[in-house]
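Undergrad: So the protein sequences, as listed, match chains A and B.
Just add 26 to the spot in the first sequence (first one is 1) and you have the working numbering.
Just add 515 to the spot in the second sequence (first one is 1) and you have the working numbering.
Derived by calculation from the structure, the hints in this document are not laboratory data.
A virtual CB, placed ideally from N, CA and C, is assigned to each residue, including glycine.
Heads up, some of the hints might be wrong.
[Claimed, not checked] Among the chain A residues that face chain B by a calculated CB cut under 8 angstroms, a handful are:
#1 S68
#2 Y108
#3 K143
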Amino acid sequence: MIRLLAAVLSLAVAQSVAYAQKKYDPGASDTEIRIGNTNPYSGPASAYGTIGKSIAAYFRMVNEQGGINGRKVNFISYDDGYSPPKTVEMVRKLVEQDQVLFVFQTLGTPSNTAIHKYMNARKVPQLHVATGATKWNDPKSHPWTMGWQPNYQTEGQVYARHILQTKPDAKIGILYQNDDYGKDYVKGLRDGLGDKAKRMIVAEVSYEVSEPTVDSQIVQLQASGANVFFNVTTPKFAAQAIRKAYDIGWKPVQYLNNVSISVGSVLTPAGLEKSAGLITTAYHKDATDQRWADDPAMKQWLAFMKKYYPEGNLADSFNVYGYSVAATVHQVLKQAGNELTRENIMRQAASMKDFRVDTLLPKITITTSKDDYAPIEAVQLQRFNGKQWELFGDVMTGGH
Amino acid sequence: MSISSGKKTWSVPVFVLVVLGLVAMALPFMVSSYRTFQLTLVMVYAIALLGLNILTGYNGQISLGHGAFYAMGAYCTAILMDKLGVPYWATVPAAGVVCFVAGFLFGLPALRLEGLYLALATFALGVAMPQLLKYKALEGWTGGVQGIVILKPEAPAFFPAIGLPLNADQWLYFFTLALAALMFVLGWNLLRGRVGRALVAIRDQHIAAEAMGVNNALYKSAAFGVSAMYTGVAGALGAIAVQFVAPDSFSVFLSIMLLVGIVIGGLASISGALYGALFIQFVPNIADELSKAAPWAIFGIVMLAFVYLMPTGVAGAVRLLLARTGKKGENPAASSTEEAL
Numbered sequence: 027m028i029r030l031l032a033a034v035l036s037l038a039v040a041q042s043v044a045y046a047q048k049k050y051d052p053g054a055s056d057t058e059i060r061i062g063n064t065n066p067y068s069g070p071a072s073a074y075g076t077i078g079k080s081i082a083a084y085f086r087m088v089n090e091q092g093g094i095n096g097r098k099v100n101f102i103s104y105d106d107g108y109s110p111p112k113t114v115e116m117v118r119k120l121v122e123q124d125q126v127l128f129v130f131q132t133l134g135t136p137s138n139t140a141i142h143k144y145m146n147a148r149k150v151p152q153l154h155v156a157t158g159a160t161k162w163n164d165p166k167s168h169p170w171t172m173g174w175q176p177n178y179q180t181e182g183q184v185y186a187r188h189i190l191q192t193k194p195d196a197k198i199g200i201l202y203q204n205d206d207y208g209k210d211y212v213k214g215l216r217d218g219l220g221d222k223a224k225r226m227i228v229a230e231v232s233y234e235v236s237e238p239t240v241d242s243q244i245v246q247l248q249a250s251g252a253n254v255f256f257n258v259t260t261p262k263f264a265a266q267a268i269r270k271a272y273d274i275g276w277k278p279v280q281y282l283n284n285v286s287i288s289v290g291s292v293l294t295p296a297g298l299e300k301s302a303g304l305i306t307t308a309y310h311k312d313a314t315d316q317r318w319a320d321d322p323a324m325k326q327w328l329a330f331m332k333k334y335y336p337e338g339n340l341a342d343s344f345n346v347y348g349y350s351v352a353a354t355v356h357q358v359l360k361q362a363g364n365e366l367t368r369e370n371i372m373r374q375a376a377s378m379k380d381f382r383v384d385t386l387l388p389k390i391t392i393t394t395s396k397d398d399y400a401p402i403e404a405v406q407l408q409r410f411n412g413k414q415w416e417l418f419g420d421v422m423t424g425g426h
Numbered sequence: 516m517s518i519s520s521g522k523k524t525w526s527v528p529v530f531v532l533v534v535l536g537l538v539a540m541a542l543p544f545m546v547s548s549y550r551t552f553q554l555t556l557v558m559v560y561a562i563a564l565l566g567l568n569i570l571t572g573y574n575g576q577i578s579l580g581h582g583a584f585y586a587m588g589a590y591c592t593a594i595l596m597d598k599l600g601v602p603y604w605a606t607v608p609a610a611g612v613v614c615f616v617a618g619f620l621f622g623l624p625a626l627r628l629e630g631l632y633l634a635l636a637t638f639a640l641g642v643a644m645p646q647l648l649k650y651k652a653l654e655g656w657t658g659g660v661q662g663i664v665i666l667k668p669e670a671p672a673f674f675p676a677i678g679l680p681l682n683a684d685q686w687l688y689f690f691t692l693a694l695a696a697l698m699f700v701l702g703w704n705l706l707r708g709r710v711g712r713a714l715v716a717i718r719d720q721h722i723a724a725e726a727m728g729v730n731n732a733l734y735k736s737a738a739f740g741v742s743a744m745y746t747g748v749a750g751a752l753g754a755i756a757v758q759f760v761a762p763d764s765f766s767v768f769l770s771i772m773l774l775v776g777i778v779i780g781g782l783a784s785i786s787g788a789l790y791g792a793l794f795i796q797f798v799p800n801i802a803d804e805l806s807k808a809a810p811w812a813i814f815g816i817v818m819l820a821f822v823y824l825m826p827t828g829v830a831g832a833v834r835l836l837l838a839r840t841g842k843k844g845e846n847p848a849a850s851s852t853e854e855a856l
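Just chain B, same shape as in the assembly:
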């Protein structure tokens, strides 16, 4: 399944990707609007998880506060749309830029912190964010506790004109799908090469990495920035899909769920982001349907099962499964930089 191990295996992931792409294109025409909306959220989470995975999975910096960047992205979009009348599609890159800068700046002081201390610092950010959004001086922009309601974008007139009438949910799905594909390709490009190797090297042995000429400080801050950008873009898309932002939407629980997502999906794995997103989107719903009294207990049990049965995440398990069934020529213990897919 590795991409860089030679031309022979190149066709397998491409084939998988093409099938996945076709299924993704067909899905909104096969399921209800509500399911389409849920699938849109899955892609939103997948982008956010990819962002967190760049930081935590690849670079080894634990963040318990990525919900804050998600919120920042969401509020960027909401404020730009509601107060300044910016079209929805233009707010997404703006949210990305704002979050990149915020993430980079937060990453600078965080350089001095490692392991649990960094986890605490980011946790502080995640805890503080909902209250900052309620702050009186910002209320004119953020709407305080009331939040901001935004309008749902309709599909451009172009689609009905060519005989493809998309409803708002379907359009938003494709809009998100296109952006998700773009973000994943960018992420894959970033992580498979020099930058990815440097990030992993810092994670595994930062002194050795430095000795080999990797600028630890720059890479770590940049990883924070890029990670925040991904999460911010996800937040922006999430806000457009949900049509509402409020401080209560971005409690510290969101940050925790994102962390759960990357661990369950598979650390340092791009496809893991998608598995993780499916998990955090659907497992709580299933748990709620199984038991009203203790949905989170059920959730906990499912999570434990995943952690025990798939210690390297769903992506790791899939990799192992593929390696065991057939592909004799492949080395199941591919090095971590090659675990791109």
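Here chain A stands alone, though its shape is the one from the complex:
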């Protein structure tokens, strides 16, 4: 009898503790968690729009499986057409009118720059933004903003380390897109090379997104006598550069930025035999990579795509990206439990310890702290063997 009484009592205590812990900010309730997002569903960058769609599909799956701690996720995503003023307008709508708990995966460096100050002044989390710029990891002055993917500078540093290890007398030629993304990569490489940068980098040429081809830039780089080619280009230009270099008989060691590693949309058009030997980094599994054909995580992803996002392109790596980042925020919300306040969301996002998303590469984990707002910091080098990417070496991070 006493035992029963004790059990009932302890249950009651546990219950009341659970109730006491329930704390909500706008956008959270017993039944719902509202998350806001902007994506370019239209306009010049609409290829990225599939990220927003795959995230929405992910939350459809989560809701169907019972939600997160019993709450359904209401993912509200608006089109900003990759135009910063539109992002400001839409994010204000999300925060002030739709009253979302936080904003997640807003896409694009300029778009996120436009709302950076606003989010931090309002103290609303701007979580896991979809850009690789370095400035999102700045918890001191912008404690409400956090990135997700490895930043471009880190990646540039990783290439620099590999070059220094394998080819210390390299003459490096760089082709980069003339914007912050391109410059971030170049800065990373320079930082990684340290004081040797001046001697080792023999040519640096840029292109504008509006240019039809980068043929002349490649000829210029060949003429510079470079024997290492650092290719910082977006998919269309990456394919052109790889093809042109091969066709004019320029045979440098080629480093290709992670932005353009899709076998389907870059290497196939460039020519698979022409792409052999390319070196790049990766942090999540490639959708077209045969290596993962029997991987349980990718099989699960495939099943997810078929059921929840059947119109999505299975060869598009952005859909793996969307799934992976959604899984990360899923974990943040699980950790937050019943304390769904904006402060706790940031606290949980900043206290992930070796969290594994199984669509990321086997050795990549997510770790954050209140001084470290860079969830994925490690990448692994891989080389293209003419058919597929082959991982080699260990997981690497930036720095020296």
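With chain A held as given, fit chain B onto it using these hints.
TA: Frame of chain A, contents of chain B only:
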């Protein structure tokens, strides 16, 4: 509805304007900050559309590049505020002056171009502008692709002191409203008289206009300058409202949307600028809410509907409606110079 057709009708537009003014004053206290911000943008677009309408609607010079002047105004404000510490209110006239000069100078060579060729020349300006803003030599000023983040102005201390605490959005709304009212009155003054008639005459029959002693070259360049000034002021106000400028904010699409705005609102109509602004601000949002997959298809359908149902723009349709309902004494086919409101 015409203003210059006699004293009897004078009271109707005044009454409408007073009501409109009162509603405009009351709105920010009735809606959320976010809506206030959107309404501020509507007024910003309205000023820009009025500017473009002076050039295209009244003077018949097609511009597909007014986004460039909008960008210029926005960057003027951002650079003055961020790099030189100029207060926000002082940057607006500065942006206007810079854009007037730029517009006038662009208008001079453009004199030789007409119709489609002028459209192409201005299109070139609109296309080039985002890249010019990324240009390396200017990067120290423009911030390159990163753009410039500017601080939002707070309401002056004067308002809380008299027991009217305005938040930043409300203050900016009233600031923009005051400037918009000023720009509209100036525009109305300019267009209802001799200058307006000269502009329309050039549009309708430039040889006849010249024969009557209108200096075509001067008027056309000046129209370009004034038009650019309006758009530049709008850009400046837009930058303050959005708190951020970047080359990606001013793609050629902005220029196209401005043109859409004046055609939907009503060419050669002052009130049309307001209708057009409401259209380009809200219809894309509505379209996005209706369909994620094809928001611009929905937008296109709405646009087609407007063009077919209101061939003279919303302003034309309103005029027609007013003429049909009652006002027997008025002549619905008022001449184009009298279409001021």
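Undergrad: Less than 8 angstroms between beta-carbons is the criterion; does S68 (chain A) satisfy it with respect to chain B?
TA: holds (5 angstroms)
Undergrad: Verify the interface restraint on Y108 (chain A): the C-beta must sit less than 8 angstroms from at least one C-beta of chain B.
TA: Hint on Y108 (chain A): holds, closest Cβ of chain B at ~6 angstroms, below 8 angstroms.
Undergrad: Does K143 (chain A) hold up as a contact with chain B if the rule is Cβ-Cβ below 8 angstroms?
TA: Result: holds, 6 angstroms to nearest chain B Cβ.
Violation of the numbered hints given earlier is absent; every hint is satisfied by the structure.
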